[in-house]
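Student: Residue numbers (our numbering), protein chains in the order written: chain A, 662 to 904; chain B, 662 to 904.
In short, the hints are calculated from the structure, not lab data.
Treat each hint with caution, since some may be false.
Identical copies carry no separate label here, and so any pair may be met within one copy or between two of them.
Straight line, CA to CA, 25 Å or less: simulated SDA-like cross-link-like pairs of lysine to any residue [stated by the list, open to error]:
1) 666 x 864
2) 814 x 668
3) 814 x 738
4) 814 x 775
5) 814 x 837
6) 900 x 833
7) 814 x 780
8) 814 x 667
9) 814 x 680
Protein chains: 2
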Amino acid sequence: MKENKPVLHTVLTPSLLPLYNASDTIVVIIDVLRATSTIATALYNGAKYIIPVDSVAKCIELGQMPDTVTAGERDGRVAEGLQHGNSPLEYTRDFIENKILALTTTNGTHLLSLALNQDAGTIITGSFPNLSAVVNYLTEQNRDVLLACAAWKGRINLEDTLFAGAIVNALQNRFEINCDASRMAQMLYGEAGGNLFEFLRTREASHYRRLSGYGLEEDIRYCLSVDVASILPVYREGKLIAE
Amino acid sequence: MKENKPVLHTVLTPSLLPLYNASDTIVVIIDVLRATSTIATALYNGAKYIIPVDSVAKCIELGQMPDTVTAGERDGRVAEGLQHGNSPLEYTRDFIENKILALTTTNGTHLLSLALNQDAGTIITGSFPNLSAVVNYLTEQNRDVLLACAAWKGRINLEDTLFAGAIVNALQNRFEINCDASRMAQMLYGEAGGNLFEFLRTREASHYRRLSGYGLEEDIRYCLSVDVASILPVYREGKLIAE
Numbered sequence: 662m663k664e665n666k667p668v669l670h671t672v673l674t675p676s677l678l679p680l681y682n683a684s685d686t687i688v689v690i691i692d693v694l695r696a697t698s699t700i701a702t703a704l705y706n707g708a709k710y711i712i713p714v715d716s717v718a719k720c721i722e723l724g725q726m727p728d729t730v731t732a733g734e735r736d737g738r739v740a741e742g743l744q745h746g747n748s749p750l751e752y753t754r755d756f757i758e759n760k761i762l763a764l765t766t767t768n769g770t771h772l773l774s775l776a777l778n779q780d781a782g783t784i785i786t787g788s789f790p791n792l793s794a795v796v797n798y799l800t801e802q803n804r805d806v807l808l809a810c811a812a813w814k815g816r817i818n819l820e821d822t823l824f825a826g827a828i829v830n831a832l833q834n835r836f837e838i839n840c841d842a843s844r845m846a847q848m849l850y851g852e853a854g855g856n857l858f859e860f861l862r863t864r865e866a867s868h869y870r871r872l873s874g875y876g877l878e879e880d881i882r883y884c885l886s887v888d889v890a891s892i893l894p895v896y897r898e899g900k901l902i903a904e
Numbered sequence: 662m663k664e665n666k667p668v669l670h671t672v673l674t675p676s677l678l679p680l681y682n683a684s685d686t687i688v689v690i691i692d693v694l695r696a697t698s699t700i701a702t703a704l705y706n707g708a709k710y711i712i713p714v715d716s717v718a719k720c721i722e723l724g725q726m727p728d729t730v731t732a733g734e735r736d737g738r739v740a741e742g743l744q745h746g747n748s749p750l751e752y753t754r755d756f757i758e759n760k761i762l763a764l765t766t767t768n769g770t771h772l773l774s775l776a777l778n779q780d781a782g783t784i785i786t787g788s789f790p791n792l793s794a795v796v797n798y799l800t801e802q803n804r805d806v807l808l809a810c811a812a813w814k815g816r817i818n819l820e821d822t823l824f825a826g827a828i829v830n831a832l833q834n835r836f837e838i839n840c841d842a843s844r845m846a847q848m849l850y851g852e853a854g855g856n857l858f859e860f861l862r863t864r865e866a867s868h869y870r871r872l873s874g875y876g877l878e879e880d881i882r883y884c885l886s887v888d889v890a891s892i893l894p895v896y897r898e899g900k901l902i903a904e
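From just these sequences and the hints, can you work out the full model?
Tutor: Here is the structure:
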């Protein structure tokens with residue numbers, strides 16, 4: 662029987678991306694704690710667009726433009742010289758509406774440049790706050806998909822894997838999934854059983870430990886909340902904009 | 662409280678190995694279907710030693726030595742020019758006792774050379790047929806451990822992850838494990854609930870599908886059998902020998 666479904670793969674860490682074909686493919690960038698949750702939230706609350714950049718210096722430079730907020734973190738903390746951090750809770754409508762956000766993060770922006778180098782067909786960003794928007798878009802498009810986890814300095818992490826699992830779970834009947842990483846992600850998401858926060862806490866997820874050590878439990882809870890910022894960030898000519 | 666336990670990490674695919682320190686560390690090479698299961702079985706059944714090599718040509722050349730069997734696979738099938746394949750069931754005592762086995766495989770030998778390049782402290786091989794031998798050795802040694810999965814052409818696979826999970830499960834109280842890949846492996850092993858074969862079959866593991874497509878279900882069942890070849894293969898000066 663000929664399979665006519667589009668193909669879905671999960672890439673659990675950026676260094677594995679070159680093993681997969683990204684052209685003519687939708688690449689979903691996943692950095693649950695906290696870059697892609699922040700991106701969805703800022704756009705949902707009316708930011709004009711987001712400029713993801715790979716260096717703090719470039720971010721500071723972009724801050725010279727009018728109506729531009731600079732933000733970013735290194736190793737989970739506000740990077741020196743930037744105005745704001747990577748907490749989605751900072752980006753309320755009052756603060757971010759009609760502004761431009763220049764953002765640099767430890768892992769997410771690195772993965773984005775890898776995807777660009779590989780000539781990705783379309784790049785979008787995914788997080789629990791915009792889960793359904795991502796699922797609906799992938800369903801409508803009916804094209805091949807790579808779920809690309811930003812991980813932590815190359816090492817696989819649980820929270821990005823769980824988000825990939827949520828997508829696999831929603832799309833499993835619409836895509837051909839001959840990919841152990843996708844199946845593993847789906848099983849782990851199933852095991853979390855709807856309580857992602859408790860799952861990360863009790864399983865001693867490494868980034869949960871890192872962020873909760875900084876007193877960021879409220880951030881983590883928000884980043885695990887489904888559909889609270891229901892919007893689709895799409896990358897176009899250097900900018901993430903709301904579709 | 663100071664942690665004095667040794668550290669354990671799981672590396673789900675060879676390309677992530679450079680992210681970890683391998684020196685002064687025991688690296689466990691894991692290639693469940695089927696290289697490390699075959700290695701344990703051949704040594705358990707009395708092979709003098711095994712020479713892992715990275716090319717078919719080199720394997721054929723070693724076959725000129727007396728009492729040497731050449732074996733290996735590429736993409737799951739016997740490689741052209743070699744006498745035997747990578748099925749552990751071929752290596753009965755009648756056949757392999759007192760012989761030397763020159764072995765080349767798709768993924769396992771590649772991972773071994775990476776570990777050597779990284780100056781690994783000690784290299785051993787692990788598989789379900791020698792699970793307890795590995796657990797006992799790691800317990801006694803009380804040194805840092807990397808569980809290194811051979812994967813499939815760089816892509817993460819379920820069966821190697823499950824074996825890593827079995828080790829993590831056995832050693833979790835003796836090691837410091839701040840490693841999401843280890844926790845994920847352990848959860849998946851827990852979910853398999855003692856029936857690894859059914860787990861791989863029903864979860865549509867990609868390598869299960871590949872091998873069962875070649876009629877190798879009996880091989881897969883053997884490779885998932887715990888402690889049927891209870892021996893510890895250790896790498897020393899180009900050879901895998903029984904400790």
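Student: If any of the earlier hints don't hold here, list their numbers in rising order.
Tutor: Hint 6 alone not satisfied by this model.
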